[in-house]
Amino acid sequence: MTQPWYKRLGNGLARTRGELQGHLNVLLRRGPDLDEQFWEELEDALLQADMGVTATTEMTGRLRDTAAREALPDATAVLARLADEIAAEVRVPGDDPFTSGPATVLVVGVNGTGKTTSVGKIAKSAADAGRHVVIGSADTFRAAAIEQLRIWAERAEVPVIERAHGADPAAVVFDTITEGRARDADLILIDTAGRLHTSSDLMAELVKVKRVADRESPHPVRVVLVMDATTGQNGLVQAREFHRALGLDGLVLTKLDGTAKGGIVVAVSRELGVPVVRVGVGEGVADLEAFEPDAFAAAIVGESPAGS
Amino acid sequence: MFENLSDRLHAVFSKLTGRGALSEADVDAAMREVRMALLEADVNFKTVKEFVARVRARAVGADVMKSLTPGQMVVKIVLEELTALMGGSESRLVLSSRTPAVIMLVGLQGSGKTTAAAKLANLLRKQGKSPLLVACDVYRPAAIDQLEALGRQLEIPVYRGEGLDAVAIAREGIKDAIARMRDVVIVDTAGRLHVDEDMMAEAAAIRQAVRPDQVLMVIDAMTGQDAVNAAAAFAERVDFDGVIVTKLDGDARGGAALSVRAVTGKPIKFAGVGEKLDALEPFHPERMAKRILGMGDVVSLIEKAQDTIDADAASDLEARLASGVFTLDDFLSQLQQVRKMGSLSDIISMIPGANRLPKDAEIDEGALARTEAIIRSMTPAERAKPSRINGSRRERIANGAGVRVFDVNQVLKQFTQAQKMMKQLGAIPGGGKKRRFRGMPGVSGPF
Ligand SMILES: Nc1nc2c(ncn2[C@@H]2O[C@H](COP(=O)(O)OP(=O)(O)OP(=O)(O)O)[C@@H](O)[C@H]2O)c(=O)[nH]1
Ligand SMILES: [Mg+2]
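Line order of the protein sequences matches chains X and U.
Residues 1 to 308, numbered by my numbering, are exactly what the first sequence covers, in order.
Residues 1 to 447, numbered by my numbering, are exactly what the second sequence covers, in order.
Derived by calculation from the structure, the hints in this document are not laboratory data.
Misleading hints may appear alongside valid ones.
According to the in silico footprint, chain X covers these stretches of chain U (three or more CB under 8 Å from chain X) [claimed, not checked]: (1) 33-43; (2) 50-64; (3) 68-77; (4) 107-113; (5) 138-144; (6) 248-258.
Just so you know, even glycine gets a beta-carbon here, dropped at the ideal spot from N, CA and C.
Please model the complete structure; the sequences and the hints are all you need to start from.
Laid out in structure tokens, this is it:
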């Protein structure tokens, strides 16, 4: 109970999660028949993964046609096909904003999605890979956000640039890039305050932050949206608004260590063409992984990923 | 795309003109739309199934009331069932008389517990309590600093213990409250995943140690289908008495709140509606039901109107309506009442469907002022009998108000529409206070 976070991981977590997912997904435990009940349960599984009713209806409809036309033999074949289709939807081409050369990356998103934690994790893995990283605390609004990022900077052993609580976030960006330039940093990460996409003032503030980054940065400026896997249909609206304001280069999908599947990113990738670039799988500094479309799709349809 | 369920159902039923009873086929078509609307609002798919079945049973064969269309009838049933499912009327915090009373907050990571704890302390203080906040999130970096900073901002004391034993800190926090003579303790805990056995055990142990009067689960309004899994696990492992739904100031429909209520039976008690520390409101099930259906916060709008609108002016207007008279002077006085309610963008944000307006749609704050100027440039005789305002008069009025003739024409057109609505309202016998406001220009009621 008093264990630190890194010890807790892997203890009860993996086991319980396995059990729960087992309960949640009955698709494979029922017979292979392609009866009405199968199609209904398939629809339920996709809805439950937050794929949304439009995408779900469309995908299952198309799959029914395919199943009839190509005489797919059984449920397993249908599920495999579905997993392929979902994986294809989220396999969006694009540069990895964190590894494809020097970059200044703004990390944005609504409140509490995991921005600060993700900045810490990314900083750590980049520094471990030998890159010169500088991070900036542009969340000057939320109480103790600066202190939180400072702790992450210590964990990642990278310098962090701060100003006082309440300072202009654009000024922090300016300072961070100036410092990054002085230190020859090839990855400059900016943590921003959580904000609802419906707040026009706060979105305008972010546009200003981006403008300063564009003007000052010696490297290309990338914008990454952090989305919580538990997010429902509002996730698409969020992504749309952040994309419209800033232009998104990638998505980090966090909290995939729970039971939520993050199906809303299928709609995001499909509509906006923004790729998922990392997934968060815990609160520890190492709990960040590359996004694997096949594993992601398999988790949605309830299969275990191929080869594991 | 239809903006809300009400519009959708009207479209479904537009082909039908019959009154009588709702047929099975009518109801089937309507239920497809209800299902879509609820799923889009993130109501859990199982809850949707049960709900649709219930509404269906009630709707088939139901007599369509005289004043309603079949679509309106179904919306009425849906709203009633949804409100009932949401918990009927609002429920409040129940604290025992023991001192200190204890409230404990639990929930997933990032749902907004720490902010909610501070808001709750603020609210309780306003009610005459002297709260103490206890920081038990020993895991997330700077979580304790965050609560402390919020406490400082509010000038409400925060107990921060030492070390990593959240249970011990909670226990010491209660002792600290007694020593400082604080009468209510709010325990903020770390965010945790419902599948994290150790962490769920920790929450249960904190509960055991401090025996709270109320355990509240904090749930993000943007949560999707997984909300019920989390809530069911928290109900089983920790148990809680009610829910705080956060981030309702965004545009998420918040269907998860409904599912959590349906699955756990726990009432929703508060709504978080902003980052400021006073942005915590009592929960209103009916408003939430309408929000989920995309029908806007009509009730708030009406309440706001009732708060602001001058009672004398209103009853005067009502009397005139009853006599079937509605002049430009009445129109003007109505506009002035509307202006008193606040900025146009505030009002518009409460109108059904307004959240779907293009974000950069210019809200013309000057329009009301312009309309007022135009009406003021008319002679009393013109105001009493607008039909006599011919072309040359229009030109004179436009000059007087410093606008174009086009603008004058617009105002007259709006007036004619308003007049027509008012006549209809005047013709409806009986009815309560709210009826009046349905006729407000540009504001449509929920049905
Ligand atoms: N289980 C789990 N928790 C995570 C993950 N990523 C972040 N969290 C937790 O989610 C909570 C919020 O994370 P933050 O990094 O503070 O989120 P943020 O987006 O910076 O929040 P604001 O700045 O307040 O908007 C913290 O408790 C984190 O430990 C993840 O991948 N899995
Ligand atoms: Mg943060």
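Going down the list of hints, with the structure as the test:
no. : hint    : result
1   : 33-43   : holds (count 6)
2   : 50-64   : violated (count 0)
3   : 68-77   : violated (count 0)
4   : 107-113 : holds (count 5)
5   : 138-144 : holds (count 5)
6   : 248-258 : holds (count 7)
Hints 2, 3 from the earlier list are contradicted by this structure; the remaining hints agree with it.
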